[in-house]
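*Asks:* Below, each chain spelled out in residue letters.
2 protein chains.
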Amino acid sequence: MLDVCLLGCSGMMPLPRRWLTAMMARYNGSNLLIDCGEGTQIAIKNKGWSFNPIDVILITHFHADHISGLPGLLLTMGNAERKDPVTIVGPKGVEKVVNSLRVIAPELPFELKFIELNEKIEKLSLCGYNITAFKVNHNVVCYGYTLEIERKGKFSLEKAESLNIPKRFWSLLQNGEKVADGDKEYYPEMVMGPKRKGIKVCYCTDSRPLGIISEQAKNADLFICEGMYGEKDKIAKAKEYKHMTFYEAAKLAKEAEVKEMWLTHYSPSLLKPELYMKDVKKIFKNSVPGKDGKSVEINFEEE
Amino acid sequence: MLDVCLLGCSGMMPLPRRWLTAMMARYNGSNLLIDCGEGTQIAIKNKGWSFNPIDVILITHFHADHISGLPGLLLTMGNAERKDPVTIVGPKGVEKVVNSLRVIAPELPFELKFIELNEKIEKLSLCGYNITAFKVNHNVVCYGYTLEIERKGKFSLEKAESLNIPKRFWSLLQNGEKVADGDKEYYPEMVMGPKRKGIKVCYCTDSRPLGIISEQAKNADLFICEGMYGEKDKIAKAKEYKHMTFYEAAKLAKEAEVKEMWLTHYSPSLLKPELYMKDVKKIFKNSVPGKDGKSVEINFEEE
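Protein chains in written order, with the working numbering: chain A, 56 to 358; chain B, 56 to 358.
Only chain A is shown next, with the shape it has when bound in the complex (with noise of 0.2 Å):
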């Protein structure tokens, strides 16, 4: 089971009743938190949930709306006596834009550890999240990502049977592990069939549309990507300021067959977004705009 929530919904600057973008995972104990502009602190407090489980911080690039809140997030976590390293994780430079920022926050009860994405798509798999960063088209070097949580196989009580394995390893052969028993060894495959499909989610924002975004996105069970505007005429603005409209955002949705989209990042002009959805709809249905605290627990398929 993942949590995620949707922690505000702005792009550009922070607005009385609407937080900078940014999205918090729970997953196992474990939160992850992609983006943090000025406020993304507050956001987290008035959702209650918690600071000190973030062991991964994700950033999308290093415009101010993405990343402001993080020296201010790192002191309150610090002041919530987190001990643990948290890996936070960016664009090349994130450590040195990130030691730049803690000029205000030089001392803290923990580690930082850094991974700098150089590459079009790279993997990494953090604190039980399956993350794939790629390479998406802003003004500076940007990454969107995918969140994914494996699902095992079925355990077959059958093939356990009929091995004779003794069920005092069934459930470390479940877990994975490999069990030796005299001369007799038990692997997990023996009794575990193939994997099942897991939970997806991709976070893409800032950007003009992509094919490796609706590729990253592909049957995910939530997309939560970015419409800075709503007003088809302002197309022109999007390309130039390499944004996306509602439009777009929903032609990548139905490109990508994910089971739902929801638009984050609006413009500060952008007052109302509902007012556009009947339109956004009708290229991508399940399309929802996107509010500050917004949350969904995603569950693993019934079979």
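Keep in mind that the hints were calculated from the coordinates and are not lab data. Remember, predicted model here, so these are calculated numbers, not experimental data. One should not assume that every hint holds.
Covered by chain B, per the in silico footprint, the following chain A stretches (three or more residues, Cβ under 8 Å) [what the hints assert, rightly or not]:
(1) 60–70
(2) 129–140
(3) 152–163
(4) 292–299
(5) 338–347
Glycine included, C-beta positions come from ideal geometry on N, C-alpha and C.
Chain A is already provided as a structure; the job is to place chain B on it using the hints.
*Replies:* This is chain B only, laid out in the frame that chain A set:
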């Protein structure tokens, strides 16, 4: 006439319904901001005051809760197409600290000018504000600030008439200008009385109580002072972290004989400041618990 707004009253970290401590003043079309923590730009928007006329930013010290919002604010001012320079005043190193934070706001359409404070007391005159910076006692170098608005003397109609000064020169003389008319010269002193009582506001956070604070706040119309703790038994904590209790702030206000004192910079653990006011008012009657967005219009005294 001077408008003053206490934008927030939180210390340490921003909270869902409590912005970080900062103050804004408006005088004669020029705004002055003291401190800029995470979210201060949202607090300004909430209040409905404008970013664009912010000509001067005074920073008390380099703890994140007093400066983390600066890159975001500067970017927002840039987005609002500000072109005029902004003067940033702060303790020694302010230029380096601000430039380090500007890793995420490298390009601004206006110039930043820096004034670094080195002495125990420094006087500046910027945009109509007479500013006194005075060093206080925190665990890093920290300054309090006094803002004074001068008031000219009274124009004497009798003198102007008895000296036969032509009416067309009166307003020039009132504005402090010397006037030449043929071989005659007129000086402001000929018609203007002595300077009258102006407006004075003193802002002090974070510090232990000090004589210099009540000296600087002497007879102020408004004294905004930190009160980290309302609970009397937190005096040890106040001493350890170099903050004040409400009662210490009230004692300073009494010594300074100010008109009114607003408490601010509350500890996140302090939920209801008003609970402690009865005892605070016993020390200094005109003590008020600060609130986000609390503002006052301070006028020159009636004569």
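*Asks:* Now tell me if each hint is right for this structure.
*Replies:* Going down the list of hints, with the structure as the test:
no., hint, verdict
1, 60–70, "holds (count 4)"
2, 129–140, "holds (count 3)"
3, 152–163, "holds (count 6)"
4, 292–299, "violated (count 0)"
5, 338–347, "violated (count 0)"
Hint compliance for this structure: hints 4 and 5 are broken, all remaining hints hold.
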